[in-house]
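Please work from the sequences and hints to get the whole structure.
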Amino acid sequence: GAGVSQSPSNKVTEKGKDVELRCDPISGHTALYWYRQSLGQGLEFLIYFQGNSAPDKSGLPSDRFSAERTGGSVSTLTIQRTQQEDSAVYLCASSSMTGLGTEAFFGQGTRLTVV
Amino acid sequence: AQSVAQPEDQVNVAEGNPLTVKCTYSVSGNPYLFWYVQYPNRGLQFLLKYITGDNLVKGSYGFEAEFNKSQTSFHLKKPSALVSDSALYFCAVRVGDGTYKYIFGTGTRLKVLA
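As they're listed, the protein sequences go chains U and B.
Counting from 1, position 67 in the first sequence corresponds to residue 67 in my numbering; the numbering is continuous, with no gaps.
Numbers in my numbering are just positions in the second sequence, counted from 1, shifted up by 1000.
Bear in mind the hints are in silico, worked out from the structure with no lab data behind them.
Using N, Cα and C, we set each Cβ at its ideal position, and we do this for glycine too.
If you anchor each label on the Cβ, the simulated ranges turn out as follows:
| id | chain 1 | residue 1 | chain 2 | residue 2 | range |
| --- | --- | --- | --- | --- | --- |
| 1 | U | Gly99 | B | Ser1080 | 32 to 40 Å |
| 2 | B | Ala1114 | U | Asp18 | 40 to 48 Å |
| 3 | U | Glu44 | B | Gly1096 | 15 to 23 Å |
| 4 | U | Ser66 | B | Arg1109 | 28 to 36 Å |
| 5 | U | Asp63 | B | Leu1113 | 44 to 52 Å |
| 6 | U | Asp18 | B | Thr1099 | 23 to 31 Å |
If you want it as structure tokens, here you go:
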């Protein structure tokens, strides 16, 4: 596709419910990232996928968070039993290579509000 | 631990004046440095990056950044600010420590006044 696509753009959910956020990376990009952006905070790394390698899950804040990437393309970030502190903008990014000098391209994000 | 600092939460500048948005980093090893811009309700857009070579790098929309190894800084600059440059700017770093994540600063809000 032309860019990284995320859906939904906005999600309001009740505390305790599960949510799924979707990311379609740029076609051909092998690396995919999830970040969380909270008000007044920088971007918090959550998880990184690269090809068929085991993902780097070191940024997931709790076991309520999980992510998968099917077929090396689409990724889903799942938050179970949502809490109010999970409210944030969730950003997905992809890049074409693992080279450290490669920039990532970001989607527009999913704004999650837990009420 | 690897980190990036953006010491200013907000920078105000008059249209037509030069602008600087500051970024310093603390890493072990050679840094790969990036600047991104975020407009309201949008994702991050890549502006420019430093990999190696010339310390002054040029990017999109007339922006440039200067890598200073001794001061561990990578400040974003533009000779003449536009009102449309008003946005949130993020500095990021990657290092070759076995991880591939981008480490971001907390962002600087730039406001260009007409």
